[in-house]
Structure formats: structure tokens, C-alpha cells
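*Asks:* Sequential numbering of the sequence shown, starting at 1, is according to the UniProt record's numbering.
None of these hints come from the bench; they were simulated from the model.
Possibly wrong hints are sitting among the right ones.
What the hints assert, rightly or not - In the DSS-like style, the derived pairs of lysine-lysine whose C-alpha atoms are separated by at most 30 Å in a straight line are:
1) 44 x 17
2) 17 x 35
3) 41 x 17
Bear in mind that the values here come from a model prediction, so they are computed numbers and not experimental data.
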Amino acid sequence: MDQMPPEEKDEQPRCPKCRAVSRLNHAMLDIKSGKLVRLYKCSKCGGHFWDD
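Given the sequences, and given the hints that come with them, work out the whole structure.
*Replies:* Written out as C-alpha cells, the structure reads:
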């Protein structure tokens, strides 16, 4: 069960640039792979990053 997203593990995703707590901005379903892709926005620097 290591594939659980951070929200379900009670962990806040961290920005890879400044390590500040980030919030979920969008979630989209990748039709080809059937996976849910999440876009996060950093609460400090405003940067965006995807989960892998």
C-alpha cells in the first residue's frame, strides 16, 4: 500500500524547492494509464508540482 497519496497517509506534501507545505490544486484522471494525477501548489513560494 505504498501507492497511497499523501492526503490518505495524513502527510502534507512538501514543495521540492522550498520544502514548505503544499496544497492539492487539481486532480485529473490520466485516461491512458487509469491513474489519478495530482497537481499541488506551494503555500510559500507558489510553485506547482505533480505527484509521481
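*Asks:* Give a verdict on every hint.
*Replies:* How the hints compare with the structure:
no.: 1; hint: 44 x 17; in the structure: holds, 10 Å
no.: 2; hint: 17 x 35; in the structure: holds, 25 Å
no.: 3; hint: 41 x 17; in the structure: holds, 12 Å
Going down the numbered hints, you'll see the structure goes against none, and every one checks out.
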